[in-house]
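Engineer: Protein sequence lines, in the order shown, are assigned to chains A and B. Each number in our numbering corresponds to the 1-based position in the first sequence with 2 added. Each number in our numbering corresponds to the 1-based position in the second sequence with 2 added.
Derived from the structure by calculation, the hints contain no laboratory data. Quick caveat: nothing in here was measured; it's all calculated off a predicted structure. Just so you know, even glycine gets a beta-carbon here, dropped at the ideal spot from N, CA and C. A hint or two may mislead.
[As the list claims (entries may be wrong)] Label pairs and their in silico Cβ distance ranges:
{"id": "1", "chain 1": "A", "residue 1": "Lys-96", "chain 2": "B", "residue 2": "His-249", "range": "49 to 55 Å"}
{"id": "2", "chain 1": "B", "residue 1": "Thr-265", "chain 2": "A", "residue 2": "Pro-137", "range": "18 to 24 Å"}
{"id": "3", "chain 1": "A", "residue 1": "Glu-30", "chain 2": "B", "residue 2": "Gly-260", "range": "49 to 55 Å"}
[What the hints assert, rightly or not] Below are the EDC-like pairs computed for lysine to aspartate or glutamate, each with C-alpha atoms no more than 16 Å apart in a straight line:
{"id": "4", "chain 1": "B", "residue 1": "Lys-124", "chain 2": "B", "residue 2": "Glu-274"}
{"id": "5", "chain 1": "B", "residue 1": "Lys-278", "chain 2": "A", "residue 2": "Glu-258"}
{"id": "6", "chain 1": "A", "residue 1": "Lys-267", "chain 2": "B", "residue 2": "Asp-151"}
{"id": "7", "chain 1": "A", "residue 1": "Lys-153", "chain 2": "B", "residue 2": "Asp-151"}
{"id": "8", "chain 1": "B", "residue 1": "Lys-267", "chain 2": "A", "residue 2": "Glu-328"}
{"id": "9", "chain 1": "B", "residue 1": "Lys-226", "chain 2": "B", "residue 2": "Glu-174"}
{"id": "10", "chain 1": "A", "residue 1": "Lys-173", "chain 2": "A", "residue 2": "Glu-328"}
{"id": "11", "chain 1": "B", "residue 1": "Lys-18", "chain 2": "B", "residue 2": "Asp-51"}
{"id": "12", "chain 1": "A", "residue 1": "Lys-281", "chain 2": "B", "residue 2": "Glu-258"}
[Stated by the list, open to error] So these bits of chain B aren't anywhere near chain A, every CB distance computed over 12 Å:
{"id": "13", "residue": "Leu-116"}
{"id": "14", "residue": "Glu-207"}
{"id": "15", "residue": "Gly-209"}
{"id": "16", "residue": "Glu-245"}
In case you want the letters, here they are:
Protein chains: 2
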Amino acid sequence: MVTIAVDAMGGDYAPKNEVEGAVMALKESGNRFKIVLVGQSEKVQPLLDEQDTTGLSLEFFHAPEVIGMHESAATAVKTKQNSSMVQGLALCKKGSANAFVSAGNTGAQMAASLLVLGRLEKVMRPTIGAYFPNPSGVTMVFDIGANVDCKPEHLVQFAEMASIYLKYAQKEANPSVGLLNIGAEESKGTDALKQTHKLLRGAHEKGKVNFAGNIEGGDVLAGKTNIVLCDGVVGNPLLKFGESIPHFLSGLFKQEIGKLVKTGKLPMESAEVIGKAFKGMFASFDDEQFGGVPLLGVNGVSIIGHGRSSALAIKNMIYRAEEMIEKRVNEHIAEVLADA
Amino acid sequence: MVTIAVDAMGGDYAPKNEVEGAVMALKESGNRFKIVLVGQSEKVQPLLDEQDTTGLSLEFFHAPEVIGMHESAATAVKTKQNSSMVQGLALCKKGSANAFVSAGNTGAQMAASLLVLGRLEKVMRPTIGAYFPNPSGVTMVFDIGANVDCKPEHLVQFAEMASIYLKYAQKEANPSVGLLNIGAEESKGTDALKQTHKLLRGAHEKGKVNFAGNIEGGDVLAGKTNIVLCDGVVGNPLLKFGESIPHFLSGLFKQEIGKLVKTGKLPMESAEVIGKAFKGMFASFDDEQFGGVPLLGVNGVSIIGHGRSSALAIKNMIYRAEEMIEKRVNEHIAEVLADA
Numbered sequence: 003m004v005t006i007a008v009d010a011m012g013g014d015y016a017p018k019n020e021v022e023g024a025v026m027a028l029k030e031s032g033n034r035f036k037i038v039l040v041g042q043s044e045k046v047q048p049l050l051d052e053q054d055t056t057g058l059s060l061e062f063f064h065a066p067e068v069i070g071m072h073e074s075a076a077t078a079v080k081t082k083q084n085s086s087m088v089q090g091l092a093l094c095k096k097g098s099a100n101a102f103v104s105a106g107n108t109g110a111q112m113a114a115s116l117l118v119l120g121r122l123e124k125v126m127r128p129t130i131g132a133y134f135p136n137p138s139g140v141t142m143v144f145d146i147g148a149n150v151d152c153k154p155e156h157l158v159q160f161a162e163m164a165s166i167y168l169k170y171a172q173k174e175a176n177p178s179v180g181l182l183n184i185g186a187e188e189s190k191g192t193d194a195l196k197q198t199h200k201l202l203r204g205a206h207e208k209g210k211v212n213f214a215g216n217i218e219g220g221d222v223l224a225g226k227t228n229i230v231l232c233d234g235v236v237g238n239p240l241l242k243f244g245e246s247i248p249h250f251l252s253g254l255f256k257q258e259i260g261k262l263v264k265t266g267k268l269p270m271e272s273a274e275v276i277g278k279a280f281k282g283m284f285a286s287f288d289d290e291q292f293g294g295v296p297l298l299g300v301n302g303v304s305i306i307g308h309g310r311s312s313a314l315a316i317k318n319m320i321y322r323a324e325e326m327i328e329k330r331v332n333e334h335i336a337e338v339l340a341d342a
Numbered sequence: 003m004v005t006i007a008v009d010a011m012g013g014d015y016a017p018k019n020e021v022e023g024a025v026m027a028l029k030e031s032g033n034r035f036k037i038v039l040v041g042q043s044e045k046v047q048p049l050l051d052e053q054d055t056t057g058l059s060l061e062f063f064h065a066p067e068v069i070g071m072h073e074s075a076a077t078a079v080k081t082k083q084n085s086s087m088v089q090g091l092a093l094c095k096k097g098s099a100n101a102f103v104s105a106g107n108t109g110a111q112m113a114a115s116l117l118v119l120g121r122l123e124k125v126m127r128p129t130i131g132a133y134f135p136n137p138s139g140v141t142m143v144f145d146i147g148a149n150v151d152c153k154p155e156h157l158v159q160f161a162e163m164a165s166i167y168l169k170y171a172q173k174e175a176n177p178s179v180g181l182l183n184i185g186a187e188e189s190k191g192t193d194a195l196k197q198t199h200k201l202l203r204g205a206h207e208k209g210k211v212n213f214a215g216n217i218e219g220g221d222v223l224a225g226k227t228n229i230v231l232c233d234g235v236v237g238n239p240l241l242k243f244g245e246s247i248p249h250f251l252s253g254l255f256k257q258e259i260g261k262l263v264k265t266g267k268l269p270m271e272s273a274e275v276i277g278k279a280f281k282g283m284f285a286s287f288d289d290e291q292f293g294g295v296p297l298l299g300v301n302g303v304s305i306i307g308h309g310r311s312s313a314l315a316i317k318n319m320i321y322r323a324e325e326m327i328e329k330r331v332n333e334h335i336a337e338v339l340a341d342a
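Just chain A, with the same shape it has in the complex (with noise of 0.2 Å):
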């Protein structure tokens, strides 16, 4: 059966929304996995107390230290060998796990991971991607902030390595990828860029990626590519702008509303519903609903959820972690990587 270890510390709402997720995965999956807790026992053992755990296949693993979300990320891993986070991830390393999962300080994991769990053989850097929502479904953009000054051949690596992940883990049968410029043009672009390009179409031709091209910002939520491929000071920019989008225009939309109401435009009856939907029309640009991603590239599944991961995003990036297994997407990434 597979292990996963969850960090009950990580996250803006630790313990309690860690223990629910946990305990929520295994009711529901109906004891599909084993879930370990790891973290400090005075904070999670009450909390587990609260819930029904009887029959579940849950165990606690205590883990004094905590690395908090605004840490330095080289010197909390440096000096927080009891942490939970860096626990849990030895969990993985010694067998006792098969994954790692943690909604806590996101450049603390990706240096502990790198550290406890190393890479994969060839990987030169491993990345993280975010989901985007597109009119069809989500398109995925990476590298997100993992890296940045990426060389072209760090690129291609992340385009293969992104393709594998979609490929296995979310059943898209030939994810295709874009290289994110300023013009869909060869010519356009940093001299990396361009070198970048050549190396995809490389790639394409050995049937490693399916490269189709340079596209622009816009294409991005038009899902015009599977994949979307940039340097982490592209995405990530890219990505807090888009978490801000809802927030933004909510406020926007609420002071529409308001004035219609006001002027007796818009019945207030109307108003109710026409606002829950627009909360229901950012669905799509929720997290929540995939939970994590994984940190493609390290001898190991970590999957990295959002600091204000709920108790369900909590749930479905312990199901992300699950599939990194089942699926076999590391065993993947080195065969494709291997073959170079």
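Using the hints provided, position chain B relative to the given structure of chain A.
Structural biologist: For chain B alone, kept in the frame of chain A given last:
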């Protein structure tokens, strides 16, 4: 009197919108400036004949060639010396006009402006920005695609020029500058971003920019700073992503509303009122209200508009040109850069 040359052949709806916009500007402003429409007489003259131009300070200058919207910029500028674009800028160069306005091929306009007008003294690279809405007004992002592979010194100059533009032309007393990065901490990002951060601190101490530190993608729509500074490879995707939001969300919104009407939860009447409000909400995303943006750093005034510019947008671009001249933006830029 200020003379503004307007490219009658630039833009997706040229020369119709260009002619209408020019006439609109002169009528609305009461002939506050002179406009020279530059383009093919056989195309422009019939449209002028349709308008009542009696008493307007409007002239026409024949330019037999047209640079297409999708032509390669470098080639077009070299081979089409008799195009409305090159000829309009030449009018500025020889002093027959004080500014040039175009909704044509942006790449060609940047190249031709640089070639014909040259740079202001000490300017390393000209830059263009774009407006993004925020809850209380607008934020300008520089650079949005005129430059890639920017060195820290380039970015600092963009910040200086943008600050002067906002201060003098947009009446923003002490515009703040945020450096778009993958995190707020000084230690974040590439070496180039760290160095830019350092140089901006220096420029801040000298009173040349009001530097607010690193900002993140979510700070753009929040309006954390008046100016957002980044390389064109970051700014361009961000702009085009932003521009794609209204279309994407309108699709989603229509679906949601359609469902509510169909299930009887929302009266058709309310749906129509709401539809209009939804469109109104996106007015703040519309570049029409500004028309266009100046190419900052060239030795003259070249206002760049969107290909899809309406007559209203053209009119507003003409006002932008007038502002650049009246507020002596270039003189202020030269002054600040001279004092390095």
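Engineer: Taking the hints in turn, state whether each one holds.
Structural biologist: These are the hints, each one checked on the structure:
1. A:Lys-96 / B:His-249: 49 to 55 Å: holds, 51 Å
2. B:Thr-265 / A:Pro-137: 18 to 24 Å: holds, 22 Å
3. A:Glu-30 / B:Gly-260: 49 to 55 Å: violated, 32 Å
4. B:Lys-124 / B:Glu-274: Violated. Lys-124 of chain B to Glu-274 of chain B sits at ~55 Å, over the 16 Å cutoff.
5. B:Lys-278 / A:Glu-258: Holds, at about 10 Å.
6. A:Lys-267 / B:Asp-151: violated, 52 Å
7. A:Lys-153 / B:Asp-151: Distance ~13 Å between Lys-153 of chain A and Asp-151 of chain B Cα, so the pair holds.
8. B:Lys-267 / A:Glu-328: Cα-Cα ~43 Å, so violated.
9. B:Lys-226 / B:Glu-174: holds, 14 Å
10. A:Lys-173 / A:Glu-328: At roughly 13 Å apart (the allowed maximum being 16 Å), Glu-328 of chain A and Lys-173 of chain A satisfy the hint.
11. B:Lys-18 / B:Asp-51: holds, 12 Å
12. A:Lys-281 / B:Glu-258: At roughly 10 Å apart (the allowed maximum being 16 Å), Glu-258 of chain B and Lys-281 of chain A satisfy the hint.
13. Leu-116: Leu-116 of chain B clear of chain A: closest Cβ-Cβ about 17 Å, beyond 12 Å.
14. Glu-207: holds, 26 Å
15. Gly-209: The assertion about Gly-209 of chain B holds, with a minimum of 28 Å to chain A.
16. Glu-245: Non-interface label fails for Glu-245 of chain B: nearest chain A Cβ at 6 Å, not farther than 12 Å.
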